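Here are the chains, one letter per residue:
There are 2 protein chains.
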Amino acid sequence: MNQYVFGVDIGGTTVKIGLLTKDGYLIESWEIKTSKKNSGENILPDIAESINEKIRELSLIRENILGIGLGVPGPVNNDGLVYVAVNLGWKNVNVAEKLQIFTGFKVKVGNDANMAALGEMWKGAGTGCKNIIMVTLGTGVGGGIIVDGNVVNGAKGSAGEIGHFRVEDNEVDSCACGKKGCLEQYSSATGIVRLAHRELEKNKEESLLRDICNISAKDVIDAAKYGDGIAIKVMDSFGFYLGKALAGIACVTNPEKIIIGGGVAKAGSILINYVKEYFEQFVFDNCGNICFELAVLGNDAGMYGAASLLLN
Amino acid sequence: MNQYVFGVDIGGTTVKIGLLTKDGYLIESWEIKTSKKNSGENILPDIAESINEKIRELSLIRENILGIGLGVPGPVNNDGLVYVAVNLGWKNVNVAEKLQIFTGFKVKVGNDANMAALGEMWKGAGTGCKNIIMVTLGTGVGGGIIVDGNVVNGAKGSAGEIGHFRVEDNEVDSCACGKKGCLEQYSSATGIVRLAHRELEKNKEESLLRDICNISAKDVIDAAKYGDGIAIKVMDSFGFYLGKALAGIACVTNPEKIIIGGGVAKAGSILINYVKEYFEQFVFDNCGNICFELAVLGNDAGMYGAASLLLN
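From first to last, the protein sequence lines stand for chains D and E. Mapping to the numbering used here: the first sequence position 286 is 286, numbers consecutive. Mapping to the numbering used here: the second sequence position 300 is 300, numbers consecutive.
If you're looking for bench data, these hints aren't it; they were derived computationally from the structure. These figures come from a predicted structure and were not determined experimentally. Be aware that one or more of the hints could be misleading.
[Stated by the list, open to error] Derived list of chain E stretches under chain D, where covered just means 3 residues or more per stretch with a C-beta under 8 Å from a C-beta of chain D: (1) 112-126; (2) 173-179; (3) 240-251; (4) 285-293.
All C-beta atoms in this analysis are idealised placements derived from N, C-alpha and C, irrespective of residue type, glycine included.
Produce the complete structure using the sequences and hints provided.
Here it is in C-alpha cells:
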C-alpha cells in the first residue's frame, strides 16, 4: 500500500504543489496562481481545491495520504502560525489549523527558506546529514538551519535570517532591513552588482564589465571566470563576506555540511572556491574542515522539504 | 514517592556532584577531586563510588533514581561520546556507556558550557524559556545554545563555541585557538585586560588603571563604574564586540533570551548595558528586542543542567 504526501511551496506569484510518495518519489507537480486579493484569504482555499481535485483525478484513497506540508514566505512558529507574510498579505494566520479544516488532512507548516534546507537534506545535496546550513543566494540572502534533523524556527520564527548577519562595520549604504553591513549587501545577486559598480568607480583598471549597460551578477561571475581583474576582486569580496558569516554560523551550530543554493549558485563550483578558502581561514578548527555543496533540487527544494515535515 | 536525579559537573580540579529531586530541588551537593592520573581513567569509577556511597548513606531506593547527568569539559555527541577533554586526559571516551556499566543507572552526557545553559533554563535566569543563548565570560568565552528546549551539540559536539566567533578583521594578536579576531580576545576576562593595556599604551589620558600593578578585569569594570575614561572605552569595546557576536548568533537561532554568566558577569547589570545597546543596533529587527539577564546559578548551573538531561 503506497502512502502519499503533498508538498506545497507558496510564492508571491505562484503556488507550487507536488504529490510525492512517502519515500520522496515525486509523482507529479503543478502550479496554481497565488491570489493576493482580500489579504490573501483565497490562497488556502485555492490550495485545498487543487489538492482535492488531484485526489479525485488520480482516484487516490484519502486514508493513504499522510498529510500536507507547506512552505510560506515569512516567519512561522512550531505550531504552524505564520506571524507575517508580506508578499501574501498575511498577518498572524494559523495556516496549519485553517488548511486542516479545508482539507481534513494533517497539515504542517514551515518557512520557505527552512523548507528548502529540509528538502535538500531529504532528497538533495544533504542526504545522509542531520546538521546542515543552507544559504540561498538570490535577490537577497536567505538561510535554513537544520539541527539533529529538525528545522530551527526560533522564538519568533526568524531563525536562519542570515542575510542580515552583520559582516562589515564600515558600510555607508543601508540594507533593505534598515541596518548597515548585512551579508545580503555583499553576497546576494544585488550585492554582487553593487560591489561591481563600487569597484568600477574606485578602480580605473580596464574591465569587461565597463562595456555592459545593465550589469547582472551573472555578468560579474562570467567576467571573473574570464580572468577579469575587477570582477575577480568583486567575487573575492563576495567570498570574504560569505565565508566570514558562515564561519560564525558554523561555530554556533557545528554543521556537517554547508549547502549553497539560489540563482547565484547556478554559476557552479567556482562560487564554492571563493567562499571555502575564507571560511576555513576564519572558522574555529573543530567546526571547520567541512564539505560545501551546491544545492541540486532548484526550485523544487521547498516542495520536497515541506512534504518531509509529515514524515516525523 | 520521590524520584531523584544526580547531576555531575566534571572540572579540571574537582568534580561537583548534586542529588536533586525530579522537580529540581537540590537536596545535597558535594565535591570530589578530579583524578587525572592514567589519562583520567579513575574519574568515572570515582564518581560511581561517590554516588553509590551517597545512596547507601541516605538509604535511597535505587528504583527511585532516574539516572545520572554529566557535564564534561569538551565536545560531546548526542550518544554521550566525549571526543576529547584535554583537561581530563580523555580522548574518544564513551562516558555514557562506561558510567552506566559502573553504576547500573541510565547516564546522559553533555558539554559543560551547554549544561550550564540548560541549568539556567531549568532553574535559573531562563526558566519558562525554550530558546536561549547563554554566554559564559570567564578566562575564555564559552557558550551554550538551546533550541526548542534541547541543547545544540552539532555534528562534532562543538556547537556553541562562540568564543571563537570572528568579530574583528584587523587584529594583530593571535587567539589561543591560533586564529585572529575571536570574540574571546575582547570579551573574556583576559580580553578585557588585554584591551586595557592596549588602551593605556595608546591613549595618554589619566586613568585609575595606571596605578594598578597587575590589572584584572574587575579593576577595569570598577574603574569604568567610577567614570574612568580609559576604562569606559575598554568596556565600550567589550560591549561592541560581544553585542556584534550575539546579534549574529541571534539571527541564526532567534532566541527568547540571552543569559550572561561566568566570573566577569559578577560585575552586575552594568555589563548588560554595555552589550545590549550594540546588540540592538546590529541585530535583524525580528530577532531583536529580547531580554538580557545575568545568570543566577553560578557554579551550580552545570550540575542542574546535567541533572535535567534525565527528565526528557
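- Query: If you look at each residue in the segment 285-293 of chain E, do at least three have a Cβ nearer than 8 Å to any Cβ of chain D?
  - Reply: Held - the segment 285-293 of chain E has 4 residues with a Cβ nearer than 8 Å to chain D, which meets the minimum of three.
| query | Given as covered by chain D, does the segment 173-179 of chain E meet the bar of three residues or more with CB within less than 8 Å? | reply | holds (count 3)
task: Tell me if chain D covers the segment 240-251 of chain E under the three-residue, 8 Å CB rule, please?
output: holds (count 6)
Chain D covers the segment 112-126 of chain E, three or more CB atoms within 8 Å, holds or violated
Since three or more residues must qualify, the claim that chain D covers the segment 112-126 of chain E is violated, with 0 doing so at under 8 Å.
Going down the numbered hints, you'll see the structure goes against just number 1.
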